[in-house]
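Line by line, the protein sequences give chains D and C.
My numbering numbers the first residue of the first sequence as 1 and each following residue consecutively.
My numbering numbers the first residue of the second sequence as 332 and each following residue consecutively.
A few of these clues could be false.
[Claimed, not checked] Just the calculated beta-carbon pair ranges, DEER-fashion:
| id | chain 1 | residue 1 | chain 2 | residue 2 | range |
| --- | --- | --- | --- | --- | --- |
| 1 | C | Phe401 | D | Ala223 | 39 to 47 angstroms |
| 2 | D | Leu142 | C | Phe401 | 24 to 32 angstroms |
| 3 | C | Asp411 | D | Leu233 | 53 to 61 angstroms |
| 4 | C | Pro345 | D | Met166 | 16 to 24 angstroms |
| 5 | D | Ser221 | C | Ser557 | 32 to 40 angstroms |
| 6 | D | Gly292 | C | Tyr559 | 57 to 65 angstroms |
| 7 | C | Ala343 | D | Glu182 | 36 to 44 angstroms |
| 8 | C | Ile454 | D | Arg149 | 35 to 43 angstroms |
| 9 | C | Ser371 | D | Gln287 | 24 to 32 angstroms |
| 10 | D | Gly292 | C | Ser622 | 46 to 54 angstroms |
| 11 | D | Gly69 | C | Ser371 | 36 to 44 angstroms |
| 12 | D | Met306 | C | Phe519 | 37 to 45 angstroms |
| 13 | D | Glu216 | C | Tyr559 | 23 to 31 angstroms |
To be clear, the hints were calculated from the coordinates, so they are not data collected in a lab.
For every residue, glycine included, the Cβ atom is placed at its ideal position computed from N, Cα and C.
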Amino acid sequence: MTTATLLEPETPVDEPLSGDVQGLTQKSLSPRQMAWRRFRSHKPAMVAAVVLILMLLFVILSPLTARYGVNEPVFQTEGGVSNRYLSPRSVAWFGTDEIGRDLYSRLIYGTRLSLVIGLAAAVIGVAIGTFVGAWAGIRGGLFDDMLMRVTDIFIAFPFLVALLVMRNMLGEISWLAPILGERTSIRFIILLLALFGWMVVARVVRGQVLALKEREFIEASRALGASNSRVILRHLLPNSVGPILVALTFSVVAAVIAESTLSFFGFGPQPGSGSTSLGILVASSKQNVLTGNWWMVVFPCAVLLMVALTINLVGDGLRDATDPKMQRGHA
Amino acid sequence: MFRFVVRRLIWAVPTLLIVTFLVYVAIRIGTNPLASYLRSNQRASQEDIDLYVEQNGLYEGFGGFVRGYFQWLGGFLTGDWANSIKGNQEVWPDLKNAIGNSVRLAGIGALIGIVLGCTLGVIAALKPGSLRDGGVNTSALVALSIPPFVSAVILQMIFAVYTREWFPGATWLHFPTSGVYPPGNSGFNLTAMAEHLVLPVTVVAIQSIAVYTRYMRASLLDVLSSDYLRTARSKGVSERRVLVRHAMRNAMLPIVTLAALDFGALFGGLIITERIFEYPGLGNFFLEAYSNGDFPQLMPWMVIVVVAVILFNLLADLSYAFLDPRIRLD
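All chains should be modelled from the sequences, with the hints used to inform the complete structure.
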């Protein structure tokens, strides 16, 4: 019997399974430990997690791993030797761009900025979504109906169109300017992406709350006089950590890709002084497709794909690990 | 059933009014129609400007917005559309072409996605936990992780540059990478059109195959573990019949709903693909109008897409209620 089949569906997280009550010799595991065991047995997710951690280390330790500064040419042009558009070679492992900067180093700096944007947008979005979703789920009524209708439309609406229209509108409202900053600033992009990031999370959390709020342990705490906010904070959210965590990983990917898409169309962040983002680097591949500078296309695209894929795989593994229902397929 | 349909249709009207009003406000504030008109027509006389403001109902203040919205709506519904600010062109002919092109691209992409995706999903779900299942599921996730502009740029690089360079003889490998027709073509030409569709459709299909594969697999797995399948088997129904008549029919329910939702989104959502392949569809139309700040072009576009989204949403709900007898309406 695997640990998976032992788990009752929707076991509350803070209620340890006592395996040895009926004389079972097996060591009892908390649901969290079980989730970790299941995650470990999910091979693609484990590989992705290792690759992701390596990438994160590479990016965090950028002063050590990058070979050149973000705006530094690989060598000064002298004696007629140009440093522009060099194909990959020992002086520049991934080649150089149109003004002779090292693509490898720029990819490290760019990924760092993009991950910061993605993480910040996702964390803000998930926080808002959790709050709104939990509130709508527990209160129900008109607010809940409105929320569902609004998110229905936004989720079905072409994402990029909504993003571009909102970007223009928020950029024009003058009293928002001190909060949001310039239209091309990093803060603006983070807040813009967070504004779109909360809806899916809100629906997930609402669903969780609706599923849990009629359960006995909630009723018990209600009988003890717990308020809405106490029920949410002490019981509903701790029991929804799994789905929220999964939503967080997918939000990070969505935000990173959205940032790249915006940059690709020239509406992305423009960090000053030669600084760069993954989106800007991927966007520059556009001009290099037809000129045959394949390294300017392949490496940024590969890095973006690697970031998206590893985080998606980890999220997929997390979902399988934290959602007992998914186990039926594997059993 | 009938009452449910009527009630949903009646509810759709105020939803549409509110959403289109919000869109109107967003575009009025966001694009600043007057400023972009002056940018495109720098030598416009005061009379031209007044006429433009009058035609489009660009009044200021909140009351002005409401009044402008209803004036715009009246014009929109009676077919009295203002001309575009760039080149003073009629909006509808271009928009109509764009809709046709987009429906063709989205339709073929979605069709390939549904057929191939459902097949792959079934193949995976029939042997859950096997290597085959893991392979299909993981490759679907890989395909989902490829942003469309990455696949588009890579395909363009391969087929515009490298196949021509490396295999100059193999003309069947050379696909055009932009537009609907080769330059200078006039009239209808099916082969040229099909050739131009290959790469954009591939980009759309990669994503939709992956989505449908994962949905179909999850849906079928869910059905396969249900009690009524056990009942059917224990009655002695053949395995083949169990799968086709009992499992598949139920597993297809969410797929139909997803397809309806998906088509609404695809309708205006192919912006990235269309831009990269310079395919003159709705997405390209929007980007053009957006960067010009072309209010007379943007508003009909937005409203048509909003209507499509809401209609397909409604269709998704109805299809679910219609196909699944367990769902009782009224």
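- Task: Could you check the hint for me, namely that Met306/D and Phe519/C are 37 to 45 angstroms apart, CB to CB?
- Result: 44 angstroms, holds
- Message: Can you tell me whether the CB distance of Phe401/C to Ala223/D sits inside 39 to 47 angstroms?
- Response: Because 54 angstroms falls outside the window, the suggested range is violated.
- Item | CB-CB spacing for Met166/D and Pro345/C relative to the 16 to 24 angstroms hint | At 23 angstroms between Cβs, range holds.
- Is the gap between the beta carbons of Glu216/D and Tyr559/C within 23 to 31 angstroms? 29 angstroms, holds
- Do Leu142/D and Phe401/C keep their Cβ atoms within the hinted range of 24 to 32 angstroms? Check passed, 26 angstroms falls within 24 to 32 angstroms.
- Task: Note whether the CB distance of Ser371/C and Gln287/D lies within 24 to 32 angstroms or breaks it.
- Result: At 26 angstroms between Cβs, range holds.
- Confirm or reject the claim that Ala343/C and Glu182/D have a C-beta distance inside 36 to 44 angstroms. The hinted range 36 to 44 angstroms holds for Ala343/C and Glu182/D, with Cβ atoms some 39 angstroms apart.
- Range hint compliance [Cβ, Gly292/D to Ser622/C, 46 to 54 angstroms]: 28 angstroms, violated
- Okay, Gly292/D versus Tyr559/C on CB: inside 57 to 65 angstroms? Distance hint for Gly292/D, Tyr559/C holds at roughly 59 angstroms.
- Outcome of range test on Cβ distance (Ile454/C, Arg149/D; 35 to 43 angstroms): 37 angstroms, holds
- Evaluate the given range 53 to 61 angstroms for the C-beta pair formed by Asp411/C and Leu233/D. 56 angstroms, holds
- Task: Determine whether the Cβ-Cβ distance between Ser221/D and Ser557/C falls within the hinted range of 32 to 40 angstroms.
- Result: At 33 angstroms between Cβs, range holds.
Checked against the numbered hints listed earlier, the structure breaks hints 1 and 10; every other hint is satisfied.
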